[in-house]
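> Top line first, the protein sequences correspond to chains A and B.
All residue numbers for the first sequence refer to our numbering, where the first residue is 1446 and numbers rise by one.
All residue numbers for the second sequence refer to our numbering, where the first residue is 1446 and numbers rise by one.
Check the hints yourself; a few may be wrong.
The list makes no distinction among identical chains, and a pair is therefore deemed to hold if it is satisfied within one copy or across any two copies.
Distance condition first, Cα-Cα at most 25 Å in a straight line; then the derived BS3-like pairs of lysine-lysine [what the hints assert, rightly or not]:
#, residue 1, residue 2
1, Lys1472, Lys1509
2, Lys1625, Lys1509
3, Lys1509, Lys1549
4, Lys1634, Lys1472
5, Lys1602, Lys1472
6, Lys1634, Lys1549
7, Lys1448, Lys1625
8, Lys1634, Lys1448
Just so you know, the hints here were simulated from the structure itself, not pulled from any lab data.
Note that the structure is a prediction, hence the values are computed from the model and not measured.
Protein chains: 2
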Amino acid sequence: MAKVQMGPGTCIYPMPTLLVGANVDGKPNFMTVAWGNIANAEPPMTAVAIRANRHTRIGIEQNKTFSVNIPSADLVKEADYCGIASGARVDKVQACRFTVFYGKLGTAPMIEQCPINLECRVQHSLELGSHTLYIGRIEEVHASSDCLTEGRLDLDKVKPFAFMEEPSPAYYTLGELQGKAFSVGREIKSREQSD
Amino acid sequence: MAKVQMGPGTCIYPMPTLLVGANVDGKPNFMTVAWGNIANAEPPMTAVAIRANRHTRIGIEQNKTFSVNIPSADLVKEADYCGIASGARVDKVQACRFTVFYGKLGTAPMIEQCPINLECRVQHSLELGSHTLYIGRIEEVHASSDCLTEGRLDLDKVKPFAFMEEPSPAYYTLGELQGKAFSVGREIKSREQSD
Chain A
1446 MAKVQMGPGT CIYPMPTLLV GANVDGKPNF MTVAWGNIAN AEPPMTAVAI
1496 RANRHTRIGI EQNKTFSVNI PSADLVKEAD YCGIASGARV DKVQACRFTV
1546 FYGKLGTAPM IEQCPINLEC RVQHSLELGS HTLYIGRIEE VHASSDCLTE
1596 GRLDLDKVKP FAFMEEPSPA YYTLGELQGK AFSVGREIKS REQSD
Chain B
1446 MAKVQMGPGT CIYPMPTLLV GANVDGKPNF MTVAWGNIAN AEPPMTAVAI
1496 RANRHTRIGI EQNKTFSVNI PSADLVKEAD YCGIASGARV DKVQACRFTV
1546 FYGKLGTAPM IEQCPINLEC RVQHSLELGS HTLYIGRIEE VHASSDCLTE
1596 GRLDLDKVKP FAFMEEPSPA YYTLGELQGK AFSVGREIKS REQSD
């Protein structure tokens, strides 16, 4: 298969659609982030990349806390809006009609309408160029009770959605099941040759 | 909406399914990683979390280079296999029938069958506990020519897939379009009140 060199670029897919929250001068603000994921298991940590000029970044630096909120597909307009409006100019919480709550950290605002909320305390930050990578220890996970099945998170109810940039930037829910993890690959074991 | 405290946990969704490659003692090995994303735009960087005992990690430390390969849905068995087998015991390249190629870094093995391949040089590494977070500068992106439309990546052709843990761990392709990004949220602007 022929390969084409595209030059250095930011191509990882799929990406999540996340709303990162912080209190800026005591007032909650949220921004949309696609560049975030888990960074560590024990203890649980997340890593999110925030562009230097973002209003939310001021609040992360002020409090050394932030939140990661996972919107469901019925919040796609709000999630998109938080990526195109700036908290320096407008009150996004008011415009989106978000209900904000706080947890044990006290300064990491969270969105009640989002089914999953992570409360994070900044553990490390790396200035990488255009972005700061914040590594936050996840101190608590809050989940909406109607997104649980037998006490566990049920992603069929959460309905998180992905952000994809190509061919044109858009949001997608998840589609067809391709296979069970830690299972569908087992048939390749028959092809193994011991080293 | 009632919220339930789940305790600290690793809950970010959706996550990508990635194959991270490194040469261990000169031999290519690949592992499946869901905890990876972009960390910086200018210059392009990625961050991937690798558990301490993983065989691939030895190769990253030896060469300070690695690759991130994005499999398409027709490689779901191979992607799952690379997460359940260890390169310390078996030759995953042989078992998966991968064709390996190298780019400008020389030591970051890439999988020809994967439509997108990122060649990365380790810029930072953070020991966070159970995992090391490797921040790699993306030196080149290789794309399969049949996954381009008019010279640009076309994710409808790439068919990347997500990894979801709940209710049970599984892989999913992307589904329905929920809205165009930087567009669908504009209607909320009418609700703005200037601060």
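> Each hint: holds or not?
Do the hints match the structure? See the list:
In this assembly of identical chains, lysine 1472 and lysine 1509 lie within 25 Å of each other by CA distance solely inside one copy; the values are 15 Å within and 42 Å between copies. Proximity of lysine 1625 and lysine 1509 under a CA criterion of 25 Å is satisfied in neither setting, with 38 Å inside one chain copy and 33 Å between copies. When the C-alpha separation of lysine 1509 and lysine 1549 is checked against a cutoff of 25 Å, the pair qualifies only within one copy, where the shortest distance is 14 Å, while the shortest distance between copies is 39 Å. Within a single copy, lysine 1634 and lysine 1472 get their C-alpha atoms only as close as 54 Å, which misses the 25 Å cut-off; across copies the closest is 20 Å, which meets it.
When the C-alpha separation of lysine 1602 and lysine 1472 is checked against a cutoff of 25 Å, the pair qualifies neither within a copy, at 30 Å, nor between copies, at 43 Å. For the identical chains of this complex, lysine 1634 and lysine 1549 are neighbours neither inside a copy (46 Å) nor across copies (32 Å), given an alpha-carbon limit of 25 Å. Taking the closest pair of Cα atoms, lysine 1448 and lysine 1625 never come within 25 Å of each other, the shortest separation being 30 Å inside a single copy and 29 Å across copies. Within a single copy, lysine 1634 and lysine 1448 get their C-alpha atoms no closer than 29 Å, and across copies no closer than 43 Å, so neither meets the 25 Å cut-off.
The structure does not agree with the numbered hints 2, 5, 6, 7 and 8 stated previously, though it agrees with the rest.
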